[in-house]
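**Q** For reference, the chains in residue letters:
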Amino acid sequence: MELLRNKPGDTATTKVPALDLPELYQCVHCGLCLNQCPTYRALHLEPESPRGRIHLVKAAAEGRIELNDRFKEHIYLCLLCRACETACPSGVQYGRIAETAREQLGPPGSPFARAVLNFVFTRLLPYPRRLRFVFNLLRLYQRSGLQRIARSLLPGKLREMDSMLPTVPAKFYYPVTSILPAIGERRAKVAMLNGCVMPLLFGDVNEATVRVLRRNGCDVVLPKNQICCGALNIHNGESAAAKQMAAIVVNSAGCGAAMKEYGYLLRDDLAYRDKAARFSSLVKDTGEYLAGIGLVAGLRPVEMTVTYQDPCHLAHGQRVRAQPRTLLQSIPGLKLVEMDGADRCCGSAGIYNLTHADMSQHLLKEKMQAVTATHVDAVVAPNPGCMLQLRYGTQRFGPDVKIYHLMDLLDRACSETDLTPK
Amino acid sequence: MNREDLIGELKNIVGDRFVLVEKEDVIVYEQDGSIFQVMPEIVVLPGDVEQVSAVVKLAKQAAVPIVPRGSGTGLAGGAVPAEGGIVLSLARLNRILKIDLENRIAIVEPGVINLDVTKAVAKDGFFYAPDPSSQAACSIGGNVANNSGGPHTLAYGVTTNHVLGVEAVLDDGVIVWLGGEVPDTPGYDLCGVFVGSEGTLGVVTKVAVKLMQTRESVRTLLAIFDEMDNATQTVVDITAAGIIPAALEMMDRTTIEAIERGAPVGFPRDAEAVLIVEIEGLTEHTDRSASLARAICQRNGAREVKLAADEAERQRLWKGRKGAFGAMGTLAPNYYVQDGVVPRSKLPEMMRRIAAISKQFNLRIANVFHAGDGNLHPNILFDMRAPGELDRVIEAGAATLRACIELGGSITGEHGVGLEKKAYIGLLFNEADLEAMARVRRVFDPDNRFNPAKLFPTPASCGEIRLQPAQIPAGLWI
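So the protein sequences, as listed, match chains G and D.
Mapping of the first sequence onto the numbering used here: position 261 corresponds to residue 261, and the numbering continues sequentially without gaps.
Add 422 to a position in the second sequence, counting from 1, and you land on the number used in the numbering used here.
With the rest of the complex left out, here is chain G (with noise of 0.2 Å):
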């Protein structure tokens, strides 16, 4: 039994006491990750699974290893699609793990690269103005046949980046009324989380999302003044409407996820830990939240054969997998048909898909030969980002398929009731 751990002496380096995660000793490396994990599945080496990383963290938290560039490599190259904590029988929050760490070592990639998210992540997308200047200019270089002349002139790399850049619609969506009333009977007042993104490249999405919302009977309440995710701040959350409110709902599995974590993020701020959890208890997916309550408008039929695809966030860091699918199968004359690995990541996470090119085309390619076999006519997935990645895939891989959000389907469903208010 000379072989057991924690051998006196073996340190290499400082102890790490910021990773030293309750988290971490709830995982007995039984490995049943391994084999979820898409990173693992694609190049087999345990530094790249779960199990492997809650090990390194570990390590480094203990001062055996140091928190050098291959560390970091093993860290960033995870999708953070969390596919281990569906597999793990502990139910270890690998999420916390993993993004403890990344805090820790601060952002990958080369200083100019950090320079640049930096100023997304903080001068652009709290802003909405600005954002929208930015999409503004993006769609004025993609119309005026710009695009066009820069794709010949770029180097081989930035020409790839180019392509993936989503074609921004003709139409924003930012109403001009806050409240949009139930149609019929009036069942439940929701407040709607328009995003940061959503309504510049999905803005039909998310006018279709409050169109289904109100047609089976919802108040539908769009905040003014939000920001990125933090959205509906969370002071606002406690304002007298929104105590009133049924549910905060959001149409991007992103959003939801961390949404419905305040309470956690904040849980060492006095002041806000108790409204954070109560704010966080009301975030509910649109697709969860409308399957709870039941359709009641009228559906017509959708004659299209689809296939569902789990957004990461919401399969593995919501658990919302069936409400999605039953209300797919509601619509009459729509058919579902599953495909294989419906709920590993399809490589956008993110902003993976520009970090790390290679293993986000590589589980992209996989994810369209799996949308191949199942010859459908188009795939669902309630999520911006899975959603612009899966279009970039019919593009590159095939099949010509339509990408969908769930929300675009039933809108067509419910699109007979009568809008007009009564």
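None of these hints come from the bench; they were simulated from the model.
Cβ coordinates follow ideal geometry from the N, Cα and C atoms, glycine included.
Among the hints, erroneous ones may be present.
What the hints assert, rightly or not - These stretches of chain D come out as covered by chain G in the derived footprint (C-beta under 8 Å, 3 or more residues):
1) 442 to 449
2) 454 to 467
3) 485 to 497
4) 513 to 523
5) 550 to 562
6) 683 to 697
7) 752 to 762
Said to hold, decoys possible - Partial pick of chain G residues on the chain D-facing surface, computed with a CB cut under 8 Å:
8) 52
9) 64
10) 89
Got chain G sorted already, so can you dock chain D onto it with the hints?
**A** Frame of chain G; chain D shown alone:
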């Protein structure tokens, strides 16, 4: 050959990317699913059998130990490189090479995940029978090394009953087939020798496995008990009545608590024990046996006996059962799982002894096991960081194994001996037994470089076998 040369040569064989030497890489391979840790110097991931052969030859030339590794889910330290050296990960050898439904066999590489074999043939109505709890992650190669079982061992047997042949790389790099694709190959059953050899004889690079036809009907009962004794007596009575369930599993209150805390499936938290009784076969048979089993449960005072209403409910019960080990993390940072076996009729007595051991050493023990086989898995829960606790845990573990042997059983059912039980194997075999086994080992591994320091007890108690450290040129290895 010095260290740098060896690394250079290895990189020539498998490519730079698949030779790991940095501490931030190899440290991950210092553990498996057990409580042991030893860091390897080098981790190599070959991509085909020729590369495996070349690596094995090179390791012989350099006189470095070589430890084959599958998914690293083992519970006895089998994949932990006890004497350092090279960990040979077979994770990249993960292709299903052939599926022959007419002859009901598949040929797979060792890195193929157990469950993926079943997934590949399920749509045609077949499955691969051995189903360890870790089947969603463990590899066929690891299963072969440990002769792994699983809940359905009761009806279908363990890995060795489902392996027809293996391709293996021997000590000198020669690639051989042992056994074949048809049953009953003449000569020594060398395939049988390899199955369960824990990586001490060579490296398995292909496995010919049997496929079984999915049963027409399956009935799964969950029986809930307020007394442990009643549950164990039920197990004895079910088998005595001539019912052979496909699986007969037991979980105690502590295990239920772990599962329900981690990834809840709805087991009753106030029960002292639950049994999962699964019966497979023709509908007439399963209905009759299920109602007989139900009656036996009720006669023994089961509070409730529920029949899984549909496949989803059945899957949920199994998800809970198969996640039980991993869920121990919700109760304590560490667990030390035992793998003892007792004759079924001794189960009630054995459970009473475990309860006494728990009390004596003041340690929480969670029991989850293949009751139908009498294969126990007491999990001793502890915290490695608490001073002195580990010593108590090891003593309690030894007391459990001694109790198994006293009751006419064995020290391992399916997890293998590995590092964990090599100190206890002498309790089960005498010196002559061990020497006979050591001679077999020496035939295949004369230099004692394949997974050294495993399986056999320390040299003092074991005839001529000498578990010497690999002979590494002085000054080249730290």
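**Q** All the hints need checking, so say for each whether the structure fits it.
**A** Here's how the hints hold up against the structure:
| no. | hint | result |
| --- | --- | --- |
| 1 | 442 to 449 | holds (count 6) |
| 2 | 454 to 467 | holds (count 7) |
| 3 | 485 to 497 | holds (count 3) |
| 4 | 513 to 523 | holds (count 3) |
| 5 | 550 to 562 | holds (count 4) |
| 6 | 683 to 697 | holds (count 3) |
| 7 | 752 to 762 | holds (count 4) |
| 8 | 52 | 4 Å, holds |
| 9 | 64 | 7 Å, holds |
| 10 | 89 | 3 Å, holds |
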